[in-house]
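Chains as they are written, first to last, in my numbering: chain A, 1 to 338; chain B, 1001 to 1274.
Please note that the accuracy of each hint is not assured.
Just the calculated beta-carbon pair ranges, DEER-fashion [said to hold, decoys possible]:
1) B:T1025 - A:G219: 53 to 61 Å
2) B:L1091 - A:D261: 35 to 43 Å
3) A:G166 - B:L1027: 35 to 43 Å
4) A:D185 - B:L1091: 30 to 38 Å
Straight line, CA to CA, 20 Å or less: simulated EDC-like cross-link-like pairs of lysine to aspartate or glutamate [stated by the list, open to error]:
5) B:K1096 - A:E100
6) A:K177 - A:D122
7) B:K1096 - A:D92
8) B:K1096 - A:E86
9) A:K135 - A:E74
10) A:K135 - B:D1136
11) A:K225 - A:D198
12) A:K135 - B:E1012
13) A:K135 - A:D92
14) A:K295 - A:E223
15) A:K135 - A:D112
16) B:K1096 - B:E1179
17) A:K295 - A:E273
18) A:K295 - A:D261
19) A:K267 - A:D226
20) A:K177 - A:E32
21) B:K1096 - A:E74
22) A:K225 - A:E100
Selected chain B positions facing chain A (in silico; Cβ < 10 Å) [what the hints assert, rightly or not]:
23) A1007
24) L1014
25) R1018
26) P1020
27) D1089
28) L1095
29) T1098
30) S1107
31) P1272
Simulated from the structure, these hints should not be mistaken for laboratory data. Think of the CB as a built atom: it goes at the ideal place given N, C-alpha and C, for glycine as much as any other residue.
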Amino acid sequence: MEPAIRAEGVGRTFNRTLKAVDNVSFTVTPGEAFGFLGPNGAGKTTTVSMLTGNLRPTAGRAVVDGVDVFHHPEAVKRRIGLVFQEQTSDSDLTGRENLELAAALFGVPRRDATATIDGLLDRMQIGDAADRLTKTYSGGMRRRLELAVGIIHSPRVLFLDEPTLGLDPQGRAGFWKYVQELRRDHGMTVFVTTHYLDEADSICDRIAIIDHGRIVATGTPSELKDHLGGDVITIRPAREDRSLEAVLRAVPGVLSVASQDGAFRVKAPRGEELIPPLVNACAHAGIGLAGVSLKRPSLDEVFLEFTGREFREDEGMTATDRAVRVGQVQRAFGRGGR
Amino acid sequence: MIRELVALTRRELLRLARNPEAIATSLLLPILYLLLFGQAFNFGAYITGPRLAFVLRGGPTYFSYFSAGMAGFVAVTATLFIGANVIFDRLFGVLKRTAATPATATSIFGSRLIAGSIQPIGLAFLVLGLAVLLGDLGLTGLQVTASVTAVGVVEIVLSIVILSVMFASLFLAIGFSIEQPQTYFAVVNAINLPVLLTSVALYPWGLLPSWLANVASYNPITLAVNVLRENLFAGATAYYPYDASVYLLGLFGWAAAMMVTATFLARRALAPQR
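With the rest of the complex left out, here is chain B (with noise of 0.2 Å):
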C-alpha cells in the first residue's frame, strides 16, 4: 500500500514538474491580484482607526486583509486543474492501466491528493511571502501587526494545509464522477466563484450585508483565512467570535466530509464496471 502510494505520488510529481507552464500559468494569477487588485483598494484614504480596524477585522490596510485572503483563494484556484487531470488520464488510458493493477482505489485517490494539495499550499506561502515583499519594493505590502507563535505558526500552515487538501479532494471528486473535460469544466465554475463569492477572501467583513456575513462565516474559505488573520494582526483576536483553533476544527469537519466523499466516488469510479 505505501510502496503503491509513493510510486503513484512520484508518478504525479513528476509529471507536474515535466510541466512548467502550468506551474507558470498558476504562479500568473495570484501575482496579478496582489499587483493590482489589491493595490486598487486603499479603504485607510477614507476608513480611518477603530472603524477600519472594525471593517478589516484587525487588519491594518486592505492589502493585509486581502493577502491573506488571497493565501486562502489560491488554494481554490491551484487545485482546480486536479480533477480535469483525473479525466484526461481517463481519456488517455491511464487511468484503465492504473485500474487494471493491484494498486488499491484509496491508493490512487490518495496519490493524487497529495500530490495536488502540494501546488496549493506551497502558492499560498508564495502569496504570503510575496505580499510582504512588496511592502519592501516601495508598494502596498503585507504588514503583520501581531507577534505570531509558534503554535500560530502552525495553526497557519494547518489551515492553508487543510484548506487545500480539501479542494483537492472536492475537485478530485468531481473528476472521478465526469467523463468529459467540458462538462468538468463547466461544474468547477459553477462551484468556483460561488464559493469564493460567499466567502471573505476578498471582501471586507465589516461591509458585507449581515446575510452575506453569516453565510460566508460556514464557507471554508473563510474558516481558513480566519486563522491566518488572527494569528497575523494585532489584536485581531477581539474581532472573532471564535479562537482560531475553532475554525481550524470547522475546516477539518469541511475536509474531512469531502475527502470521505470523495474517496467514495473515487473507489466507485475505479471499481469492476458494474
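Bound conformation, chain A alone (with noise of 0.2 Å):
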C-alpha cells in the first residue's frame, strides 16, 4: 500500500548554517495517527511546513498522498487539510464566512458547499455562532473552527501542527474528541506535532520523538515505553554518597541504575515490588534516604531515555550548543534519524 506521507532523508536548513531539520525519514500508513513529539525549536513546524508545501527543503524527498510535494506543493495543499497552532481564521469574518471562503478556495463543488458548512458548523459545535464574528469566538470554538476549516475539503491527510497549544484541558480534549472522530468516520491520516505528552500517548498510533531537528527514535507509545524497560524508582540519599549506586545494583530485579542530579534512577519491570528491598538494602548499608519515588513510564520518561535530558531543559540553547548536544546523544544511543 502507498504510504499516505513518505519522506526520505527530508532536511532544512537556514542560513546555510542552522540545521533546523536533518535527515528525517519516515512513513505513515493511511489511516494512521503520527505524532512528532518534541520540545520548543526541535524542527517539528518546520517539518510540517515542508511536508505541506510551505516551505522548500535544502535536502530529500517527501511524497504526500502520492504527490510529490517539492516538485507539486500546489498540487499538495488540494489534498491536505493543515491546522496551524497559532488562530489564523479571520476575525473580522463569521464563521460561516470563513468556511464559505476556505470551501471557495479549496474548491469544493457549489452544490455541496452550504450542506458542508453546515455540517462541520453542527458537528464542531459551533452552529449557534456560526453567524457572529469570530473576534467573539472563545479560544476552543476558535480552534474547532480552525479544525473545521481544515477539513472543509475532506482530505485524506490532516497535518496538526501544535494544534491544541494555549487551549485549557476541556478545550484540548474537545479538540481530540473531533479529530477521533474524523479518523474513525472517514480514515483519515492525522499528522500531528505536539509537545504535549499526554497528547501523543492517547492519540497517536505511531510516534517520532524529534530532538534538534533529527529523529532519535521512531514506534508505537508501547514500544517506546517497553524500550526502557519497565518502571522507574527515583532514590534520594539524604547525603550524597557514592557507595549507594552499587548497593542498589546488588538488589536482585534492578535492570539498571543511573545517576541523575543527586538521585539515583534505578530500572525495574515492577517498581512497586522491588521498593521494599531497595529500602532495605540502603538501610543495611547505613545510607540515609531523603526520598524515594515511583513512576510508570511515559513518554516523559522516553524523551529522557531517548535524548538524555528532561523535556523543556535546554529551550534556549543557541544552535551551536544544540548541535553538539545533538551529537552526544547521537553517540550515546548510537541512533540517527530512521
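Both chains come to you apart, so use the hints to assemble them.
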C-alpha cells in the first residue's frame, strides 16, 4: 500500500548553517495517526511546513498522498488539510464566512458547500455562533473552527501543528474528540506535532521523537515505553553517597541504575515490589534516604531516555550548543533518523 | 480562479464594510481640504483674465482647478492602508492560512487590488460631487465650464480608476515586501509626500519653476488630473501639449508597470519559503 506520507532524508538548513531539520525519514500509513513529539525548536513546525508545501527543503524528498511535495506543492495543498498552531481564522468574518471562503479556495463544489458547512458547524458545536464574528469566539471555539476550515474539502491527510497550544484541558479534550471522530468516520490520516506528551500518548498510533532537528526514536507509544525496561524508581539519598549505586545494583530484580542530579534512577519491571528490598538494602548499608518515588513509564521518561535530558531543559540554547548536544545523544544511543 | 478571486474579494469588502471608522476617517481628509485648503487660495482676487487662465491651465478658479487635483490626491491617500492590511494579515496569520490553500498568488493579489481600488475610486468621485455641491451652499465650488462629452466622462472615469489601481498596486507591492508595520508606514510616508509634491494636484501650474513643471509632467497624479482638467474646463486643451488620451496612455503605462512589479512581489511573498 502506498504510504500516506513518505519522507526520505528531508532536511532544512537556514542561513546555510542552522540545521532546523536534518535527514528526517519516516513513513505514515493511510489511516494512521502519527505524532511528532519534541520540545519547542526541535524542528516540528519546520517539518510540517515542508510536508505541506509551504517551505522548500534543502535536502531530501517527500511524497504526500501520492504527490511529490517539493515538486508539486500546489497539488499537495489541494489534497491535505492543515491546522496551524496559531489562530488563522479571519476575526472580521463570521464562522460561516470563514468556512465559505475556505470552501471556495479549496474548490468544494458549490452544490455541496452549504450542506458541508452546516454539517461542520454542527459537528464542531459552533452552529449557534455560526453568524457571529469569530473575534467573539472563545479559544476552544476558534480552535474547532480552525479544524473545520482544515477539513472543509475532506482531505485524506490532515496535518495538525500543535493544534491545542494554549487551550485549557477541557478545550484540548474536546478538540481531540473531533479528530478521533474524523479518523473513525473518514479513515483520515493524521500527522500531528505536539509537545504535550499525554496527547501524543493517547492520540497517536506511532510517534517519532524529534530533537534538534533529528528523529531519535520511532515506535508505538507502547514500544517506546517498553524500551525503558519497566518502571523507574528514583531514590534520593539524604547525603551524597557514592557507594549507593553499587548497593542498589546488588538488589535482585534491578535492571539498571543511573545517577541524575544527586539521585539514582533504578529501572525494574515491577517497581512497587522492588521498593521494600531497595529501602532495606540502603538501611543495611547505613545510607539514609531523603525520598523514594515510583514512576510508571511515560513518554516523559521515553524522551529522557532517548535525549538524555528533561523535556524542556534546554530551551533557549544556541544552535551551536544544540549541534553539540545532538552529537552527544547520537553517540550515546547509536541512533540516527530512521 | 474566478471563484477564488470573487471569494477573496468578498472577504476584503466585508472587512472594509465592517470597519466604518476607517471609511469615516478616509472621508475626513478630502472634506477638510475642500472646506479649508481649497477655500483659502483665492487667486482670482489678484490674478485675473488670461493670466489666471494660464496659471490654472484654463481653470476658472483655483478651487475648481484644485478640486480636480484633490480627486487625484485621494487616490493616493485612500490606498495608503492597503499594504498595511497585508502586513497585519501576515502578523495575524490570515495570509499564512490563505497561502496554505490552493489559491493562486494572482488571485490573492488581484482580490486586494480590486477591493482596495474601490474605496479611492468612490472617494475621488465623492470629492468631485462635494466640490460642485459647495458652490450651491454659498461657498466657492467646482465650476465645470466645459460641456463634458461622453468620451470625456469615460476618460475621467478611466483616469480615476487607473490612478487608483496604480497606487493600490504600489502600496500592495510595498506591503508584500515588508514585514513590520512601522517600516511600512515609514516607507509609505517617504513616498507619499514626494509623489504629491512633485505633481500638479495642488500647485497652480503656471506658477511653477520650469524644472518642477518638467518633473511634475511625468508624475502619475499629474497625468490623471490633466485628463480631468482638460475635460472639465472650457479652453483648457489649449494649455496642454497633449490630448487627454495621451495622458491616459502614460497613466496606463505607470499602472501596468506597477501592477507587474506588485504581482511579482506578491507571488514571491506567497511562494513556498526558500
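Tested hints:
Remark: the range hint 53 to 61 Å for B:T1025 to A:G219 is upheld by a beta-carbon distance near 59 Å. In this structure, B:L1091 and A:D261 meet the distance hint of 35 to 43 Å, their C-beta atoms being roughly 41 Å apart. At roughly 39 Å, the beta-carbon separation of A:G166 and B:L1027 lies within the given 35 to 43 Å, and the hint holds. Range check, A:D185 to B:L1091: Cβ separation about 36 Å, and the 30 to 38 Å hint holds.
Pair hint B:K1096 plus A:E100 holds up; C-alpha atoms about 18 Å apart against a cutoff of 20 Å. As the CA atoms of A:K177 and A:D122 are separated by approximately 14 Å, the hinted pair is consistent with the 20 Å bound. Of the supplied pair hints, the one linking B:K1096 and A:D92 holds, its CA atoms being roughly 16 Å apart against a limit of 20 Å. Simply put, B:K1096 and A:E86 have alpha-carbon atoms about 10 Å apart, close enough for the 20 Å limit, and the pair holds.
Between A:K135 and A:E74, the direct Cα distance comes to roughly 30 Å. Violation of the 20 Å bound is thereby established for this hinted pair. Between A:K135 and B:D1136 the alpha-carbon distance is near 45 Å, which puts this suggested pair outside the 20 Å criterion. Distance restraint check for A:K225 and A:D198: the Cα-Cα separation of roughly 13 Å lies within the 20 Å cut-off, and the hinted pair is therefore satisfied. Our distance criterion of 20 Å between C-alpha atoms is met by A:K135 and B:E1012, whose separation comes to about 16 Å.
For the given pair, A:K135 sits about 7 Å from A:D92 by alpha-carbon distance, which is consistent with the 20 Å threshold. Under the criterion of a C-alpha separation no larger than 20 Å, the hint pairing A:K295 with A:E223 is consistent with the structure, at around 17 Å. With a C-alpha separation of about 27 Å, the suggested pair A:K135 and A:D112 falls outside the 20 Å cut-off, and the hint is violated. For the hint linking B:K1096 to B:E1179, the alpha-carbon distance of about 13 Å falls within 20 Å, and the restraint holds.
Proposed proximity of A:K295 and A:E273 is supported: the alpha carbons are some 13 Å apart, at most 20 Å. With a CA separation close to 17 Å, the supplied pair A:K295 and A:D261 stays within the 20 Å bound. A distance of roughly 11 Å separates the Cα atoms of A:K267 and A:D226; the hinted pair therefore holds under the 20 Å criterion. A hinted pair counts as satisfied when its Cα atoms are at most 20 Å apart, and A:K177 with A:E32 qualifies at roughly 16 Å.
A hinted pair counts as satisfied when its Cα atoms are at most 20 Å apart, and B:K1096 with A:E74 qualifies at roughly 14 Å. Note on A:K225 and A:E100: the hinted pairing is violated, with a Cα-Cα distance of about 44 Å set against a maximum of 20 Å. Because the smallest distance between the Cβ of B:A1007 and any Cβ of chain A comes to about 3 Å, under 10 Å, the interface hint for this residue holds. The beta carbon of B:L1014 comes within 6 Å of a beta carbon in chain A, closer than 10 Å, and the hint placing it at the interface holds.
Checking B:R1018 against chain A: minimum C-beta separation of about 5 Å stays under 10 Å; hint holds. This hint is violated: B:P1020 has a C-beta 12 Å from the nearest C-beta of chain A, more than the 10 Å allowed. Nearest Cβ of chain A to the Cβ of B:D1089: about 8 Å, under the 10 Å cut. The hint holds. A hinted interface residue such as B:L1095 counts as satisfied when its beta carbon comes closer than 10 Å to some beta carbon of chain A; here the least separation is about 9 Å, so the hint holds.
With its C-beta approaching chain A no nearer than about 7 Å, B:T1098 sits inside the 10 Å limit, and its interface hint holds. The interface hint given for B:S1107 is met, as the beta carbon of that residue sits about 9 Å from the closest beta carbon of chain A, less than 10 Å. For the restraint placing B:P1272 at the interface with chain A, the shortest Cβ-Cβ distance is roughly 5 Å, inside the 10 Å limit, so the hint holds.
Violated hints, in rising order: 9, 10, 15, 22, 26; the structure is consistent with all others.
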